[in-house]
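Novice: Let chain R serve as the given structure and place chains X, W and U on it in line with the hints.
Chains as they are written, first to last, in the numbering used here: chain R, 1007 to 1127; chain X, 3 to 211; chain W, 321 to 712; chain U, 116 to 395.
Derived by calculation from the structure, the hints in this document are not laboratory data. Some hints could be false.
Derived pair list, reagent style DSSO-like, types lysine-lysine, alpha-carbon separation capped at 30 Å [stated by the list, open to error]: (1) U:K393 - X:K182; (2) R:K1058 - U:K340; (3) U:K393 - X:K167; (4) R:K1022 - U:K208; (5) W:K543 - U:K133; (6) U:K393 - W:K543; (7) X:K175 - U:K393; (8) W:K693 - X:K106; (9) U:K208 - R:K1058; (10) R:K1022 - U:K393; (11) W:K637 - W:K679.
Label pairs and their calculated CB-CB ranges [stated by the list, open to error]: (12) W:S593 - X:T100: 48 to 56 Å; (13) U:D371 - W:D695: 55 to 63 Å; (14) X:K182 - U:E373: 48 to 56 Å; (15) U:D371 - W:R531: 35 to 43 Å; (16) U:T265 - W:R576: 25 to 33 Å; (17) W:E633 - U:Q389: 33 to 41 Å; (18) U:G158 - X:G66: 55 to 63 Å; (19) U:T298 - W:E521: 54 to 62 Å; (20) U:T264 - W:G449: 43 to 51 Å; (21) U:D126 - R:K1018: 23 to 31 Å; (22) U:T265 - R:C1064: 36 to 44 Å.
A partial selection of chain W residues facing chain X, derived with a Cβ cut-off under 10 Å [to be verified]: (23) Q344; (24) K515; (25) S623; (26) E702.
By construction, the Cβ of each residue, glycine as well, lies at the ideal position given by its N, Cα and C atoms.
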Amino acid sequence: MIANKATTKRGKPQTKHSFYPAWCKRCGNCVAFCPVGILISDEWGYPRQVDKERCTGCGLCEMLCPDFAITVGYEKPGAVDLAHPAAAKDSPEVKQEKSDAAKAASNISPERLAPVPREEK
Amino acid sequence: MASSKKKETAKAKAPEMERMEVRLAGSGGQGLILAGLILAEAAGLFDNRAVAMGQSYGPEARGGASKAEVIISDQDIDYPLATRVDLFLALTQEAADTYSWDLKPDGWIVVDSDLVSHPPSSRAVALPFTATARDKLNKPMVANVVALGAITELTGVVSRKALEKALMARVPKGTEALNKKALAAGSKMAKAYQASGQLAGQEPTSEDV
Amino acid sequence: MAAGTSKAAGKAAKSRKGQARLLQGNEAASLGALAAGCNFFAGYPITPASEITEYMSREMPVRGNPFIQMEDEIASIGACVGASLAGRKAMTATSGPGFSLMQENLGYAMIVEAPMVVVNVMRGGPSTGLPTNVAQGDVQQARWGTHGDHPAIVFCPSSVAECFELMVKAFNTAERFRTPVIFLADETVAHLREKVILPAEGDLEVIDRRRPTVPPDWYVPYKTDGSLIPRLADLGEGYRYHVTGLVHDERGFPTRRADEVEPFYARLFGKISRHFNDLMLTKQYSMDDAEIVLISYGCTARSCRAAVRLGRERGIKLGLLQLLTLWPFPRQAVEAALAGRKAALVPELNMGQISREVKRVNDGRTQVIRHSKMDGTMITPEEILGRMREVA
Amino acid sequence: MTAVHRSVVYDWLRHDKKFPHVWCPGCGLGILLGSLVRSLAQGGYDKNQVVLVSGIGCSGRLPVYVDVGSVHTTHGRALTFATGIKLAKPELKVIVVMGDGDATAIGGNHLIHAARRNLDLTAIIVNNLTYGMTGGQYSPTTPLGAKATTAPYGHSEPSFDISALTVTAGASFVARSTVYHVTQLDQMLSQAIAKKGFGVVEVLSPCHTNYGRQNRLGSQVEMMKSYKKQAVRMDRWDKLGSAEREGRFAIGVLADHERPTFWETYQGSVDRAQAIRKEG
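This is chain R alone, in the form it adopts within the complex:
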């Protein structure tokens, strides 16, 4: 069934995250609840995938995204994600990237970025 899909080193189908920054409100649900911890917030609070190989394709990030800003699909065979080359399990680069992003994100609270709409009933 998944024969036409690219696979990881372990033979699982290779997933592909698509993010829609236009719909994303940078709430951080996907980052907080990814069971394998492969999503991070960038310095603006937008999510980004750092370890494609370990993605199980569970789709929790998609279901817990209140804004329909993530879809988890499958990589086509042979496709190369130039932005996120496959990274080893929390390699030093990934660790560094995660901590940089966390630092940047901590300075910007989501509430400040997106003012809370308020209206009377």
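Specialist: Same frame as chain R, now just chains X, W and U:
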């Protein structure tokens, strides 16, 4: 006006009727609203006159004074409530007391002879509706129909035929014979009353007015 | 007696169309609704409107149509709006306290343009007031009861026959203009029984709402042609659109853009004001040579008719303008009725809710006098004639 | 039952209504919206046969995003409108989305009567323990002692248990879940929608903007993590003592039974009425 109608028969083409106001009063549960409906349908649907009927609406379902008012006319009825009542029927003392303040001086006053000990006027015709229904027909609840039969016979407010048709259209199935009997009993007592000459000397005196 | 009544009513409903019948105002209103195609009823019992709810509970199941007694009046009108959007001709019936409760959802029906008929049988108020007595105190409430500025269409019968005729008119108006219509009766008329001759079924004009004819993809729910009345698609018919009580754009989605809000209100008012002439119903009695004119509505118009008759017998040249439409206020008819008269008397069972409108449209040359009564009983013809000395 | 893919939501969302939607970043309503759409798609319902009805409040804005017939009604009255729609067209799938204030305060009477009548409706009650849209006033589900803009010194009323209330009132199906337990939520919604009769799903959803901020519960992430700790599945809940239940709540199906719906019993009246009328 009422006296001019006295001799009217069911078969004759009814003469032009000016506004005639009928009030049927009693206590809730005596079936006076139903009697009003039957009278109104008799006049409206079978005698083919204009008719309007109002009734008292109170919080009580049973007991208390209740009334139905039927306005009958050959013209359009403009004001739909009674202003000066031409024919007043009272089946209880309370109803006779409560609803007798706007009667026409020369109007008909008919009361139940047992339940109304103090009629609103000495001219009042007192007849034993309830007693007849209870003792002769064994159905106290048809007192209203007995009374309808009597007032129709006395006043000719509707034709006898129309009343009978209206009554048959309204009463529950299986009670037609009983109701016809009640109607006949009412007519009979009215005829007897007329025959007894008690109506003579009934014209209003200055004391009544 | 109850059994007898229902049996007779049921039999009558079937066989006696076009024949003389003795009907109560509430019954005639119900029959008018059925004749106009009413096929949904939700209500909550209240004196003096309960007879309508009872009548509908007998007739709707016979026709296989829904009847439901809801938990309150708010729910009743809510259900009616929902049913209306799903394509039904809906009606609810109530009296003052219930009508007060309905106001918010009446405004909702107004803004989403859901056709339906709301019956308010007026009784004495405010609050529980005089539940079984007659009054005409809800005239201005029917116009201004719900918040926000909006048009209102209100019909007011004065007889059992008019209960039937105006109810048919109310449904037709609601469907034609896509708007809730208020049927404002009073206790006297609602409880009054009169002989009426109902028109045969085929003789009635019955209007249905205009539904979209375009395929669903092309449907723009609140876009209109010249009539300003948008076409209404039934829910569940493939036209998947949005309905909201928020001010909305042509597509039905909430908007706060000034350039969309303004045209929205303009259309809401315009669709009614453009057809004023079809809406404003009046009747005239002895108006040709009248020196003093009575302007009245509802049961009080009956008192006025008697007063005209009795007055003329006594040499007073009285005439009557009866308002069958209270809102939009029949300004032209009232202006014409006032022109050249010595005086106008406006008898009503409130402290002057229509007389203030008469005064508003009066050009100032005619003396307008209000005659108010608020004791829970009707104004008698003699009371009206009693005011003639000060008028003349 | 073949599972539909998650991406089916994009077929059901209204793309002429501009996303991002109106809710705050991290609001659980977006998660519920996805879950609801997945459940509808999963059930194989025709978009043309689904009507979404809502009241007023943050939850009231939900139907506008779904490409079905959608009716955004007045505060607390969504169930009454839904009643009318359902009776007018019994073949429609009518789903009502309400907030806790909407459903249990101003609309509390409608809720219990809809449950009593057992109308064939699905009521989704989004419980965020507060009036979110109007700024965080207390609602009937705000816990005793919690802070609200109208309870600055702590709330002094006990709260409603929505699920228990609707079970008692006679709903055919009652379940509780949270937006954190999203896969379970999908299931509960599917079951409720498929259920003949009045189905209720109480969905706990964080309002970090108002409730969370006032009660120092942190962001929606912390609040959702607390759901994870507090929520106990029904089979385990039954075994807990009252002390262990303190500060926790059960999730799962609380009631699921067969009862005739209003429309079914009303057909009895229709048959009797028509039979009597035929006799004359």
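Novice: Look at each hint and say if it fits the structure.
Specialist: Against the structure, the hints:
1. U:K393 - X:K182: Distance of about 28 Å is within 30 Å: holds.
2. R:K1058 - U:K340: Judged against 30 Å, a Cα distance of about 25 Å means the pair holds.
3. U:K393 - X:K167: holds (24 Å)
4. R:K1022 - U:K208: Violated - the C-alpha atoms of U:K208 and R:K1022 are around 35 Å apart, more than 30 Å.
5. W:K543 - U:K133: holds (20 Å)
6. U:K393 - W:K543: violated (46 Å)
7. X:K175 - U:K393: Status holds; Cα separation ~17 Å.
8. W:K693 - X:K106: Holds, at about 25 Å.
9. U:K208 - R:K1058: Violated - the C-alpha atoms of R:K1058 and U:K208 are around 41 Å apart, more than 30 Å.
10. R:K1022 - U:K393: Violated, because 68 Å separates the two Cα atoms, which is more than 30 Å.
11. W:K637 - W:K679: Satisfied, since the Cα-Cα distance of roughly 22 Å is no more than 30 Å.
12. W:S593 - X:T100: 48 to 56 Å: holds (51 Å)
13. U:D371 - W:D695: 55 to 63 Å: holds (59 Å)
14. X:K182 - U:E373: 48 to 56 Å: Holds: the Cβ-Cβ distance is about 54 Å, inside 48 to 56 Å.
15. U:D371 - W:R531: 35 to 43 Å: At roughly 40 Å between Cβ atoms, W:R531 and U:D371 fall inside 35 to 43 Å, so the hint holds.
16. U:T265 - W:R576: 25 to 33 Å: holds (27 Å)
17. W:E633 - U:Q389: 33 to 41 Å: Since W:E633 and U:Q389 have Cβ atoms about 54 Å apart, the given range 33 to 41 Å is violated.
18. U:G158 - X:G66: 55 to 63 Å: holds (59 Å)
19. U:T298 - W:E521: 54 to 62 Å: Roughly 58 Å apart at Cβ, these two residues keep to the hinted range, so it holds.
20. U:T264 - W:G449: 43 to 51 Å: violated (38 Å)
21. U:D126 - R:K1018: 23 to 31 Å: holds (27 Å)
22. U:T265 - R:C1064: 36 to 44 Å: Holds, since U:T265 and R:C1064 (Cβ atoms, about 41 Å apart) stay within the stated range.
23. Q344: holds (9 Å)
24. K515: holds (4 Å)
25. S623: holds (6 Å)
26. E702: holds (8 Å)
Hint violations for this structure: numbers 4, 6, 9, 10, 17, 20, all remaining hints satisfied.
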